[in-house]
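*Asks:* Chain by chain, the residues:
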Amino acid sequence: MTDEARPSQPVPRTPWRKRLLRWEVFLALVVAADFALNVQLSPYFLSTETLSDVSFNFTEKALVALPMALLIIAGEIDISVAATMALASVCMGLLATTTASLTAIVGCGLAVGLLAGAFNGALVTRWRVPAIVATIGTMSLYRGIAYGILGDRVLKSYPPAFAFFGQGYVAGPVSFELLLFTLAAVLCALYLHRTEFGRRLVAIGCNKSAAEMAGVRVNRYRFWLFVATGVTSAAASVLLTSRLGSTRPSIAQGMELDIISMVILGGVAITGGRGSIVGVVLAAILTGLAIFGLGLINVPGVVMSLLMGALLILIVGLPIVGRRLRWIHV
Amino acid sequence: MSSRHNAALALLTAILFVAVAARYPQFASAAGLRDTFDDTSILILLALGQMLVMLTRAIDLSVAASVALTGMCVALINQAMPGVAMPWLVLSAALLGAVLGAVNGLLVWQLQIPPIVVTLGTLAIYRGATYLVSGGRWVNSGDMSPVFLSLVRERWGGLTLLSWLAIAGVLLTACLLRYSAAGRSLYAAGNNPEAARYVGVDVGRAQCLAFVFNGVLAGLCGYLWVARYAVAYTGIASGFELTVIAACVIGGVSIAGGSGTVLGVLLGCLFLGVIKNALPLLAVSPFWQMAVSGAVIVTAAVLNAAGVRAPQRQRILEN
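Chains as they are written, first to last, in this note's numbering: chain V, 1 to 330; chain C, 1 to 319.
Derived from the structure by calculation, the hints contain no laboratory data. Do not rely on the hints blindly, as some may be mistaken.
As the list claims (entries may be wrong) - Per label pair, the in silico range of CB-to-CB distance:
1. C:ARG4 x V:GLY301: 42 to 48 angstroms
2. V:GLY254 x C:PRO82: 33 to 39 angstroms
3. V:VAL186 x C:ARG137: 46 to 52 angstroms
4. V:ARG324 x C:SER2: 37 to 43 angstroms
5. V:ARG22 x C:ARG153: 56 to 62 angstroms
6. V:GLY301 x C:PRO82: 31 to 37 angstroms
Computed from a prediction, not measured in an experiment: that's the story for all the values here. From the three backbone atoms N, C-alpha and C, an ideal C-beta is built for every residue, glycine too.
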């Protein structure tokens, strides 16, 4: 009896109830709820200018959240992203005090990000340091170098054209930041979900040893992921520095935890092997909306972090509680 | 193997110490040694707690925020009711710390949320709670009762209470880990959770216990920090959790759980303490200290990793 004798079965469609219970749908509902809440909080919320302002709130972090999501899906993590942003910003600021061109300044920033990411990658692949330990070390190192170079000074002598990246608009209410983020999100989504390279990332995250034995060049993927994260952090640093118009060594302090929270909120399993870019984008929008809404009612930053922390635990814990109490049959 | 690591770390610390003391003899004087150890005592206590958590293959990023919250609460109580006796105050700090640790532990055990996610959340929650409890105000040394401040500085046999607490912590933790079943179960839970389950060790409960112990130590250190630095505000100990984790990593505690010694953690803390106290003497600007710490952590991590054989087969079976 051969397989050809049996007619092929049609692929069963996922029942609509199961589709509805997917993480991304859950997130989309929360986004809609928060949007409605924000509309209640302020009558000005629904204008295009306000909505455009909301986008500034999350695009820099969300940009870094994209390669970070790929990294976490592959089973690694990078806590040094904010420190890389600081170091890139300091280097750009120093170069801006000379008569360097705009391209040179931005290029310098991106190069710093590339080197920082490559060092992280080398620590993890070549010297086999666990990613969390390596990036805690490089986080102190990069931020420390930024502090050492700049001390308590501020760098402000950026050329006027530099402000376009963080403050410029491309078409109507769509800012350059939002456009860049949208392009990056589409590219990442296509890479992860539609190419074989993306599938290999998921395989690496599920079981590194098995992927290695199946012929996937695990170390090469990990190295280039760290490089990509470094370069993207530098790009986000360009956007942030341009938006702020100045550089202090404390720039982007604490941002790494916001970014990682964003990724986890987006449904990416911290242990690796699971997650989607759609989820991360939705989580980014949710974070931006929530922070903007809280800002409208004058909540202080520390309390905002408190609420985001509680939201993180709630949203990650709720499906587990639901499963335990038999609300969800998954 | 860990004894070789500890010997190397001890040697490195000694070399560093001698190098600085040769240039600045007051560093090696009795007073200098006492001060350095005193300065490192809080780090030692917190690192011991973090070690217990890391042994079970977890991590606690919220420990500095716990220190801030318990310290602020104790300072506020002392400001409002200076008549409360010190033992009660310290006990309540430790109890509050235990509660904070239990929140972490229960979320990890019962809801099975990964520890890094839980402690990322509670890090923000406890820090925000510190702000809410204090209303953004500072508690200064003038607001604290004299006995509140002097308790940590009392000297017995030359060492302050703070230093003695650190020594007691080291000895107690070493005994707990070596001679008690609960302590050994921490090693089992972290080294191979599946095998530990088969032997009857409840991995989740071991992690929860570790978080509670860590919380008690964090609560205690909350009082110690506020009393030693004579100030309490929302941002105290900000970022300190990474120094604590660094001390553990340098001391040879594996991030993947299951291995680490109290001696190693002690040496790791002393190493960082010597560096921290030596840098001002060497006229290194305080702005470069973070970079030096970072370089030290990276180097220590590389050296640690070089000594570990990749346990490939074990990981396949576990996954």
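*Asks:* Next, verify each hint and record whether it holds.
*Replies:* Quick rundown of the hints versus the structure:
In this structure the hint that ARG4 of chain C and GLY301 of chain V lie 42 to 48 angstroms apart at CB holds, the actual value being about 47 angstroms. Judged by the Cβ atoms, the range 33 to 39 angstroms given for GLY254 of chain V and PRO82 of chain C holds: they are separated by roughly 35 angstroms. For VAL186 of chain V and ARG137 of chain C, the hinted distance range of 46 to 52 angstroms is satisfied, since their beta carbons lie about 48 angstroms from each other. For ARG324 of chain V and SER2 of chain C, the Cβ-Cβ distance of about 39 angstroms falls inside the hinted range of 37 to 43 angstroms, so the restraint holds.
The supplied range of 56 to 62 angstroms is met by ARG22 of chain V and ARG153 of chain C, whose beta-carbon atoms lie about 59 angstroms from each other. A hinted range of 31 to 37 angstroms for the beta carbons of GLY301 of chain V and PRO82 of chain C is consistent with their spacing of about 32 angstroms.
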